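The residues making up each chain are set out below.
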Amino acid sequence: MKDELLTKIAEILEVDHVNINDNLKDFEEWDSLTALSIIALADSEYNKKLTNDLLKEFKTINHLVNFILD
Amino acid sequence: METILITGSTSSIGKELAISLSKNYRIILSGRDSFKLSNLKRQLYGENHLIWVCDFFKSNIAMSLLDFLNKFQIKPTHFLHVGGDFSISPIRLQKKEKTIETFQANVFSAIEIVSVLSKKEFKKELKNIVFYSSISALRGKPGYAVYSAAKSSLIGLTKSLAIELKPIKVNCFVLGAILTDATENILSDKKEILNTHLPLGLGNSKVLNDWTMFILEKNNWMTGQKLIIDGGATVL
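Going line by line, the protein sequences match chains A and B.
Heads up: the first sequence is residues 1 to 70, going by my numbering.
Heads up: the second sequence is residues 1 to 236, going by my numbering.
Bound-form chain A, shown alone (with noise of 0.2 Å):
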């Protein structure tokens, strides 16, 4: 389920794989429309309500991932 989740999170940031640790801002895809992607790959496959500012208080993939598999 995690691996699955990191998957298409590295497909959203244009990369060949993503770690727990990386910071999501350090990524040369992230923008305002790769955040509304995630919002929405959290909607629609996994039911969470993400939001905007809850999106910018995550630091890394590992605080995305754990909010979206809680």
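Because the hints were derived from the structure by calculation, they are not lab data.
Values in this document were obtained by computation on a predicted structure and should not be read as measured data.
Mixed in with the good hints there might be a few duds.
[Stated by the list, open to error] Calculated lysine-lysine pairs in the DSSO-like style (CA-CA distance at most 30 Å, straight line):
hint: 1; chain 1: A; residue 1: K56; chain 2: B; residue 2: K98
hint: 2; chain 1: B; residue 1: K190; chain 2: A; residue 2: K59
hint: 3; chain 1: B; residue 1: K96; chain 2: A; residue 2: K25
hint: 4; chain 1: B; residue 1: K166; chain 2: A; residue 2: K48
[What the hints assert, rightly or not] Only some residues are given here: those of chain A computed to face chain B with a beta carbon under 8 Å:
hint: 5; residue: E11
hint: 6; residue: V15
hint: 7; residue: L33
Each residue gets a CB set at the ideal place from its N, CA and C atoms; glycine is no exception.
Given chain A, work out where chain B should sit, using these hints.
Showing chain B alone in chain A's frame:
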């Protein structure tokens, strides 16, 4: 009594339309969730309204509609296509299935329904077709490409159907930012900014009620047109 078929009737805008129009018309509520539809039916004025349950993603829409209309011996007088599906995604991540879904809910469903209602047995009764499009059809925004394409398609349909189906009036509302259950997620962060930025602020789900009544009830000599109802967004 005239009958109005409303797709997407359990959406915020569809619901307001159904309730307000139910005072003077028989409403056919369409949607895929029979529980939500029954709840909505109880909120309508009067008793003779009907529910057409159809999942636009899975069913054969034309066949399902024909069966329904024949079963109840109904010929709709007006068709309001409120139904749709909103999703945004960077174009690089756009999946074919999602593209088909967006077009299915917004465009293909409308085409199938119009194809049924324009058959000889129904066409004589039909007076109005109204499509509910979006200013995304006219304005660009990142992530909106496929949604824009689908909503633009409704404007294209409006023009040619107005000619092909005359004297049935075919018109299209092009809607700006309206705060509904479906847009709450996208707009909530920017509510304050939008309310000051847009000349008339954000719209609410009731703003279409009077407009729709005007189209259905007045001899307004208008067909094939798009009406931009956006609180002034596109003149900025």
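Each hint tested on the structure:
no.: 1; hint: K56(A) - K98(B); verdict: holds (27 Å)
no.: 2; hint: K190(B) - K59(A); verdict: holds (22 Å)
no.: 3; hint: K96(B) - K25(A); verdict: holds (29 Å)
no.: 4; hint: K166(B) - K48(A); verdict: violated (48 Å)
no.: 5; hint: E11; verdict: holds (7 Å)
no.: 6; hint: V15; verdict: violated (13 Å)
no.: 7; hint: L33; verdict: holds (5 Å)
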